[in-house]
Amino acid sequence: NAGVTQTPKFQVLKTGQSMTLQCAQDMNHNSMYWYRQDPGMGLRLIYYSASEGTTDKGEVPNGYNVSRLNKREFSLRLESAAPSQTSVYFCASTRTSGIGTQYFGPGTRLTVL
Amino acid sequence: GQQLNQSPQSMFIQEGEDVSMNCTSSSIFNTWLWYKQDPGEGPVLLIALYKAGELTSNGRLTAQFGITRKDSFLNISASIPSDVGIYFCAGQPGNTGKLIFGQGTTLQVKP
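Heads up: the protein sequence lines correspond to chains A and B, in order. Its first residue numbered 1, the first sequence is counted upward by one per residue in the numbering used here. Its first residue numbered 1, the second sequence is counted upward by one per residue in the numbering used here.
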């Protein structure tokens, strides 16, 4: 039982390049989330998926897209990376959106040059 | 948007001392959560609080959900070196599943 897994762990992009961050959970959770973490700012919600087939914007969605591929997987895509998107990205999941106890993956450290 | 104010921002204490940190909000939350993050890792859930006034312990950790539903505190008793890390509070407004995070408290423990 791996919990929440994320790939890749590290990535360096040039401005304008695109990439997809992958997230998977094996806890049979319905809801999944993407956050970014910047120094001194805590974690901020980018997008979330309350259940398979639904996605909604969070606090900082601009420049990102998401896909809830199935119940297990929730991907985050940067279509044209910008230096302001340099951050650590965390995926999280919870059994249902009404329960706040989210479980986090290990993170992806992204640098955009 | 909604914001959480977490304090203090950082603490440097001697091993064996007790630690207290808190979060306040201008809005009401239905759930308060406390997470710990070690360097290079994702946040790990420490304590979850679901009712106003609730006081919950997890080993040397104790957390309370404020009566007004706008604040929470976390206490760590008899700190040890492995308590080092960043502690985050998080609040859930309503039942959307969205969490609002505080800015974090960085704890350093001197052996």
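If you are wondering where the hints come from, they were derived from the structure by calculation, not from laboratory data. Treat the hints with caution; some may be incorrect.
What the hints assert, rightly or not - For lysine to aspartate or glutamate, the following DMTMM-like pairs were computed, each having C-alpha atoms within a straight-line distance of at most 20 Å:
| no. | chain 1 | residue 1 | chain 2 | residue 2 |
| --- | --- | --- | --- | --- |
| 1 | A | K9 | A | D26 |
| 2 | A | K9 | B | E41 |
| 3 | A | K9 | B | D38 |
Taking the hints in turn, this is what the structure says about them:
1. A:K9 / A:D26: holds, 18 Å
2. A:K9 / B:E41: holds, 11 Å
3. A:K9 / B:D38: holds, 16 Å
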